[in-house]
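Add chain B to chain A, keeping to what the hints say.
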Amino acid sequence: MPLSLTEEQEMLSRSAAEFLADRASLAQFRVWRERTHEQAFDPELWREIVGMGWPGIALSESQGGAGLGFAGLGIVLEQLGRHLSVTPMNSTVLCAATTIQLLGSTQEQATLLPQIIAGSLTLSLAWDERAHFDPCGVATTARSTAGGWLLNGCKRGIADVSSVDRLLVVCRLTGEAGDREGRGVFIVPRSTARLRIEATPMVDGRNCGEIELDGVELGREALLGGAAAPAAALERLADIINAGLAAELLGISEEAFARTLRYLKERSQFGKLIGSYQALQHRAANWFVELQLARSLVQEALLALDAEPGLALAAQGPALASMAKAKAAQVAELATNEAIQMHGGIGMTDAHDIGLYIKRARTLEQAFGDQSYHLNRLASLEGY
Amino acid sequence: MDCSLPSRGEWHHNRPMQELDAFRHAVRHWLEAHYPPALRGAAMPIGDLYTGGRHPKPVHPAQPAWCAAMASRGWTVPEWPAKYGGGGLSREQSAVLREEMRRLGAPTPLFSFGISMLGPVLLKFGSEAQKRRFLPEIVRGDIRWCQGYSEPNSGSDLASLMTRAEDRGDHYLVNGQKIWTSHGDEADWMFCLVRTNTSVPKHEGISFVLFDMRTPGVTARPIKLISGASPFCEVFFENVRVEKAHRVGEEGQGWAIATYLLAHEREMISGLGSLISGTALAPRALKIFGTDSDGKLRNAGLRHSLARFELDSAAFRITLAQAARTRNAAGMGAMASAVKYFGTELNKRRNELHLDIEGANALQWDARGPAGEAWAADWLRSKGNSIEGGTSEIQLNIIAKRVLGL
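Protein sequences, first through last, are from chains A and B. Each residue of the first sequence is one higher than the last, beginning at 1 in my numbering. Each residue of the second sequence is one higher than the last, beginning at 385 in my numbering.
If you are wondering where the hints come from, they were derived from the structure by calculation, not from laboratory data. There may be inaccurate statements among the hints.
[To be verified] With a Cα cut of at most 20 angstroms, we get these calculated EDC-like pairs of lysine to aspartate or glutamate: (1) Lys680(B) - Glu382(A); (2) Lys680(B) - Asp134(A); (3) Lys671(B) - Glu382(A); (4) Lys785(B) - Glu382(A); (5) Lys441(B) - Asp572(B); (6) Lys680(B) - Asp179(A); (7) Lys671(B) - Glu736(B).
For reference, chain A alone in the conformation it holds in the complex (with noise of 0.2 angstroms):
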């Protein structure tokens, strides 16, 4: 049962299935990781995902979007879990798109809104400095000067680093790392002097990598919004991030647990199906409810995200996105640690498919805050 509730939503959730079914497969994700270049991405198919308007999905009309709001956007981003894609839909629509959307002056977002939307710009948003996500623990100064900024540090965990166009670096401009206010996010051309990309392969086979910034000299303009960014629009950012990546992640359960029922009812020891044993049944049906569980928290969260400031469900969209993600992280350490298990000792071979799920689930799980890190968060916003 996919995410969508509406009528559009189908049409979209259905016409994102047969596309990446055919462009983005498993199997091609299988050929893709075999790759000797950097390229984090295959600028054929983007070209093709910016021919259906995917960019522009969460955007409203007036910015040239297609005004289907987050929940659109989590349609998408459910289906490129369930067939492994690559693409940086994450990297530049989800996250940098939603940064300029949130930050940006309206001049920028005139700007720049268009080129993503045209696929003439990838970006990468570049907030971590450490292994956990700790969105006011940012070390990297921007420092003003007479001719605009500069700016120290390094920066982790940035999605398809060696190939965006641009950065958009979150760094401090007051304060000490921790202070929740006094963060700015820096749009950073990959070619700035004094500016290092490194890849840093991970589990997943996506392109991932660190940048140093020694000394890198930018311009006043170069500042998004032209002043440091309100701590609360930074966690409204996080929170749109997160409800999204709990949206792949949902679809990577679902998928897995697709296959693994389907294994079930094919695979016969002592004479049975293994799906005939009570045993694997009761761990099935278990799993099952867990995901409609974590599909009404993601379903509810990215409606919150994108409803009307000022009303009720608005109000939650910061605890729900925190629910969204842990629940989905949560469900999703459960699904593809089942789907080994169940599949077996086939399950832990390289050349059968299921055991692919697992690593993207755990990086995406890790971005942007972990089944810990929300559930702290969580209590923290509920008071306790």
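Same frame as chain A, but now just chain B:
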């Protein structure tokens, strides 16, 4: 301003929005006029809801009047047809009624197995005469019903039940024993599964019958539970005469009826999970453990468990709401099993968390929480949630077979 209500049954489905608004307005006015002032602001935990019957035991003296007022409009069962005493409301109107009741803090006026279990069965399988006799009684709460399903040797394997109903022409002679009959000692009538044929496969020899608990040969004996309470009974039948006119459906159709009813029971039990929201856990935990300088609960393990429980509760609430929106007339189908399974396991978790929060205080027999909760008794009672109405394991079996096709 005309606030008079149209007579029952005049409201039809799919009227435009403004008529729904007019309905809301009229409902609000009526509720404000009829909801007894004595009940306003009174805490109404699930165990204190009015259950009706020949010898009602209202916890609050104003409950019977509130029930009677609501029943006069059919609003104890808003969606049943008006010709059987129900409210004849559409699902949308019924939702409006619930919202308006919630606005006033008005509890459900009548909580009964007649409403949640027998009624749906009679509407689907009952004869016209049975509907006309029994449904209006259920709407008014005149008769309190109990359920004769489980037997000492037929728990999860319900279809193996042995209570015999011997054909005596115009009536049956029933002999045997039931167990786990909720409030069997207080109920007026029983809906009961009996074996009418022993020479066919077990699922095919069962019939669904109704009889008065005052019929000679019926004996109900309460069972004391680990919680100290006795909500369940053993019920013995010795040559009990049951009129054939009180058989619902055909002879041998009992199993189909039983499973239809069980799906409604599951929905009811899982719905209770959201009703018994009880005292919020976090404020109690904060009161007892306090916070550190970061404002975090001074018990990291409990803090983590609370957050996990809270997110699973939210997931369950949203799932339940979605299932209710998409359910059709036949109910939630197999989703009822998923909801029953998770809802009851969640309620057990909630009760274990109460213990974690309250500590040894919760284990004192006589201790009461700030809202009068009996911590220990509630905790022990919750262990039955995942057993009654089909164990968690049976629900997982149903999901595996019906939903997953295993």
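Each hint tested on the structure:
1. Under the criterion of a C-alpha separation no larger than 20 angstroms, the hint pairing Lys680(B) with Glu382(A) is consistent with the structure, at around 10 angstroms.
2. Distance restraint check for Lys680(B) and Asp134(A): the Cα-Cα separation of roughly 18 angstroms lies within the 20 angstroms cut-off, and the hinted pair is therefore satisfied.
3. Under the criterion of a C-alpha separation no larger than 20 angstroms, the hint pairing Lys671(B) with Glu382(A) is consistent with the structure, at around 15 angstroms.
4. Only pairs whose Cα atoms come within 20 angstroms are accepted, and Lys785(B) paired with Glu382(A) is rejected, the gap being roughly 40 angstroms.
5. Among the hinted pairs, Lys441(B) with Asp572(B) is consistent with the structure: their alpha-carbon atoms are about 13 angstroms apart, no more than 20 angstroms.
6. Distance check on the hinted pair: Lys680(B) and Asp179(A) sit about 18 angstroms apart at the alpha-carbon level, within 20 angstroms; holds.
7. Taking the CA atoms of Lys671(B) and Glu736(B), the gap is about 18 angstroms. The hint holds against a cut of 20 angstroms.
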